[in-house]
Amino acid sequence: MSLLTLDALTVTRGQCPVVDGVTLSIGPGECVGLIGPNGAGKTTLMRAALGLMPHGGTSSLSSLPARERARAAAWLPQAREIAWPVSVETLVALGRLPHDSRAGALRADAVGAALSRMGLEGFRQRKATELSGGEQARVLIARALAQEAPLLLADEPIAGLDPAAQIATLRIFETLAREGHAVLTSLHDLTLAARHCTRLLLLDRGKLAADGPPLDVLTEDTLAQVFHLRAHMLQTEHGPLLQPLGVLP
Amino acid sequence: MRLALPLAALVLALFFTSLGLGYAALPPRAVLGGLIGLGDPLHVMVMQEIRLPRSALAALVGAALGLSGAAMQGYLRNPLAEPGLIGVSGSAALGAVLALQTGLAAAFALALPLMALLFALGAVALILLLAGPRGGSLVLILAGIAVSALAGALTSLVLNLSSNPYATYEIVFWMMGSVADRSLTHLTLALPLIALGGAALLTLGRGLDALTLGEDGAQALGISLTSLRLRLLFGTAAAVGAATAVAGAVGFVGLVVPHLLRPLCGARPSRLLWASALGGAAMLLAADIAVRLILPERDLKLGVVMALIGAPLFLHLIYKTRRGL
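So the protein sequences, as listed, match chains Z and R. For the first sequence, my numbering gives the first residue as 1, with consecutive numbering after it. For the second sequence, my numbering gives the first residue as 250, with consecutive numbering after it.
Calculated from the structure, these hints are not laboratory results. Hints should not be assumed to be uniformly reliable.
Residues from chain Z shown here face chain R by an in silico Cβ test under 10 Å; the list is partial [unchecked claim]: (1) Leu24; (2) Gly27; (3) Ile82.
Sample of chain R residues at the chain Z side, in silico, Cβ under 7 Å [claimed, not checked]: (4) Ala356; (5) Ala459; (6) Gly463.
Rough simulated footprint, nothing fancy, chain R against chain Z, three-plus residues with beta-carbon under 8 Å [to be verified]: (7) 42-53; (8) 64-72; (9) 83-92.
In this text, a Cβ means the ideal position worked out from N, Cα and C, and glycines have one as well.
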């Protein structure tokens with residue numbers, strides 16, 4: 001069973017392909033990291049997969065009616081926008097919008113579970129706009145969790161979080177995957193990507209350059225070719241560790 | 250719910266206070282009797298044909314402006330947005346000015362509100378054409394400002410070239426906004442359109458709540474922004490177009506009312522819609538009562554009083570915002 005299938009997904013801006021013929025499939029239990037240099041097309045790939053922008057090729061999500069799609073996949077955009085000073089509880093409850101509004105009890109359960117998973121129970125009545133950047137990021141992740149969709153797409157969810165919160169967030173994604181959900185998340189920290197993801201997708205100028213287990217993708221050759229980075233992949237007792245050595249010309 | 254009841258009670262109280270005010274001092278019994286057609290025929294005439302249209306229009310116009318202000322702020326995620334921003338009221342004013350200038354309004358009583366409505370709808374059509382089907386909120390604001398500026402320029406042009414001083418005088422007074430001396434015909438013209446526009450705007454709650462997360466976030470929650478924007482534009486055109494058509498340009502209501510009520514609604518855009526409709530009705534009824542109490546001898550214009558109330562409210566908001574920093 002697949003939760004997301006892309007077939008020759010292509011997005012062009014003017015004449016220039018931003019995402020170029022990407023074909024892949026993601027199933028339950030996978031925590032997939034989407035890596036690549038800045039401008040490789042990671043955000044565009046996820047937005048197009050969700051049907052948030054026009055694209056060529058097919059995506060199993062973008063062909064669904066809007067509300068059904070929202071029940072199939074949750075989206076955590078990189079821009080952490082909270083327009084109004086609503087309470088944390090109200091904001092997280094927005095995740096229940098795609099679901100039947102009559103199921104009130106289920107709604108409270110899902111919101112409560114998402115809040116406690118993100119360690120936000122004490123924040124219920126706080127105004128979301130008055131929290132720190134890291135706290136807001138956690139609230140928005142809780143909002144996506146409350147949607148209880150089988151698939152979560154997250155765009156650089158750990159950017160701007162402190163190291164402990166970065167690890168904690170990725171651990172939650174791993175747990176979601178173990179519970180039978182699937183996660184596709186773009187990441188810039190390659191060490192964390194190698195440690196917490198079951199599979200990595202490497203995008204290079206819109207093309208899928210590699211797709212497989214983290215250590216097969218993060219070879220010194222691909223790091224040099226795609227990231228222009230001279231680096232060692234060290235094996236430590238705590239897991240893989242990427243040691244950057246320098247920038248290639 | 251806790252907010253809706255007191256607000257509704259306030260609107261009712263102000264509505265009946267407004268009905269009790271006028272040139273002829275009527276006892277409360279004559280007011281109520283006259284409303285339902287009992288008692289002195291003169292009282293019945295005064296109540297049903299003069300005071301009822303005035304009070305009902307004040308409430309309706311206020312509700313239309315408050316509601317569309319809340320919807321517009323929710324959609325643009327900006328507390329400074331108001332219905333006038335997309336050029337609906339400016340274009341309606343242009344239509345009315347043309348009706349007055351060409352003498353059409355003198356020849357045919359409903360020409361003025363009908364022209365105003367026509368121009369309001371024309372403005373929305375033009376905005377949709379300019380902004381395109383997928384344009385975001387920024388494109389919509391730009392298109393609105395363009396249409397608004399054009400309508401303002403054309404209104405000035407009409408005044409500039411006017412060779413008829415009486416028409417100019419009438420235009421200037423009409424643009425100040427008022428619900429005085431309106432008839433049941435005005436009420437029957439505005440009521441269905443404001444109801445229709447209001448109903449369209451009240452369907453926006455879910456979408457506006459979702460927009461708290463931004464346009465991408467809302468779309469990913471299954472909200473169609475295209476449909477949301479269409480309902481917003483046509484709802485505003487019908488409600489604000491009809492309101493401007495019968496009452497002229499009354500500013501500040503759509504801006505101030507949602508601003509004042511937002512903290513009482515937990516800042517939720519969906520709850521703010523209902524609250525702002527009631528709050529707008531209350532504010533305009535109160536302003537129209539003030540108009541008659543402050544200078545009963547002179548025809549003080551509602552729009553002038555609203556601006557005089559609105560500006561200090563803004564000073565208060567500035568003060569609060571600065572202290573919060």
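Here is how each hint holds up against the structure:
1. Leu24: Status violated, d = 20 Å.
2. Gly27: violated, 21 Å
3. Ile82: With a closest approach of 7 Å, the Ile82 (chain Z) hint holds.
4. Ala356: violated, 49 Å
5. Ala459: Holds, about 6 Å.
6. Gly463: holds, 4 Å
7. 42-53: holds (count 3)
8. 64-72: Per the Cβ count (6), the hint holds.
9. 83-92: It holds, with 7 qualifying residues against the three required.
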